[in-house]
Amino acid sequence: MQAFERELLTLLPRLRRFAHALARDPVDADDLLQVALERALKARGQWTPGTRLDSWMMRIVRNCWIDEVRSRARRARTFLPEEEGASVGADTHHEIEARVEMHAVDKAMNALSAEQREVIALVLVEGLAYREAAELLDIPMGTLTSRLTRGRQALVQMLELEAA
Amino acid sequence: MTIDDDMLMAFADGELNEIGRARVERALAEDPSLRARLDAQRRLRARLAAHYTPVAEEAVPERFRALLETGVVDLSAARAPRARPLWQSAIALAATLVLGLALGRTLLVPGAPDSGPIAVEGGAMVARGSLAEALDSQLASAQASNAATRIGVSFARSDGRLCRTFDSAAAAGLACRTDTGWQVMMTAAGSGGQRGEFRQAGGESLLVQQAAQEMMAGEPLDDAAERRARDSGWRRGGASR
Chain W
10 MQAFERELLT LLPRLRRFAH ALARDPVDAD DLLQVALERA LKARGQWTPG
60 TRLDSWMMRI VRNCWIDEVR SRARRARTFL PEEEGASVGA DTHHEIEARV
110 EMHAVDKAMN ALSAEQREVI ALVLVEGLAY REAAELLDIP MGTLTSRLTR
160 GRQALVQMLE LEAA
Chain E
4 MTIDDDMLMA FADGELNEIG RARVERALAE DPSLRARLDA QRRLRARLAA
54 HYTPVAEEAV PERFRALLET GVVDLSAARA PRARPLWQSA IALAATLVLG
104 LALGRTLLVP GAPDSGPIAV EGGAMVARGS LAEALDSQLA SAQASNAATR
154 IGVSFARSDG RLCRTFDSAA AAGLACRTDT GWQVMMTAAG SGGQRGEFRQ
204 AGGESLLVQQ AAQEMMAGEP LDDAAERRAR DSGWRRGGAS R
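Chains W and E supply the protein sequences, listed in that same order. Using this note's numbering, count along the first sequence one by one with no gaps and you end on 173. Using this note's numbering, count along the second sequence one by one with no gaps and you end on 244.
Everything labelled a hint here was simulated from the structure, so no lab data went into it. Nothing false has been slipped in among the hints.
Example chain E residues on the side facing chain W (calculated, C-beta under 10 Å, incomplete):
#, residue
1, D7
2, D8
3, A39
4, Q44
5, A53
6, R66
7, A192
Here are some chain W residues the structure puts well away from chain E; computed CB gaps all over 12 Å:
#, residue
8, R33
9, I75
10, E77
11, S80
12, R81
13, A82
14, A85
15, A123
Far from chain E by the CB rule (all over 10 Å, computed), these chain W residues:
#, residue
16, D63
17, D76
18, R79
19, R83
20, A120
21, L146
This one's a predicted model, so the numbers in the text were calculated from it and none came from an experiment. All C-beta atoms, glycine included, are put in the ideal place defined by N, C-alpha and C.
Turn these sequences into a full structure, and let the hints guide you.
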């Protein structure tokens, strides 16, 4: 194993946590991590040694997740015609069942928009500074803070964390 | 003084500078409902940590380790665009500063010195009209909630001159008192302006807060010192007893 893989290996627990904070359930999260690792290994030439591998890798995980979110939305639009109706119905039913069993935190995170969810995952779960998170997502600081605030307000409400 | 959610959350995340922290702490001491909002944020952080931390602590599934060991290593892969070097963040910051300057310029009204909040005189930007008035008379500790211009913090520079940060729909900035008036040292987008994306957690631009922090000699003026400074016409050393 070369230095690149060794360093990646030490990052795996954190990357996996990040994937879990983004994806809608634990199974999807591990699939996401797998896809991201494959992409990273192929793109290793694009990483500059001496720069932070964790930020580089988190960006890849996030981009893979966004790709998945988008293709999911596309599939949902594509497969709506009548002949697919039955299977879509079954699928939806299955999803609803899974959701009932879902942990409250996963459920609340799933209810957020993708934009809110990724900033919550980076700042509140991974503990990145605002500036680091804004740089990783290529968004201005003000955009980051407003998404963060709205996402948090929604989570506090859904998880009923206001004082009684 | 009201503390909005952006600022409270930046406080909870340890993202405020000294000025911002002091402001939130003062408000927390006086306002139980603000403390309750902060507690809710702390509970949220604890809840997320309790849910996600175990994932980082459990053993990583073998398939990931195996993937890294056998590797889909493709050394022939083109050395395409390099990862973003660190100096790019410096450029991003510089770009933000240029934006601030550009915004400042749009507020200047050539040939109509009395119509804009900021005018150019002898090569320096000076506050005019309602902005000059607010800088002259408004106390940070006692301002109407609907005031068009809000004063952030007042402080003394190392040469004894008094400076104040301000924020309005049109512009935020930092001005220091000279013998003839308020010289605007820097401007940034105002929080009520169209460029809401650049609005920072403190209500006023982060750039303004940083500039104030760097220029400040000692602590910001407290309420009493600010009042003394105003009553002395903002002359040098006018904040001291």
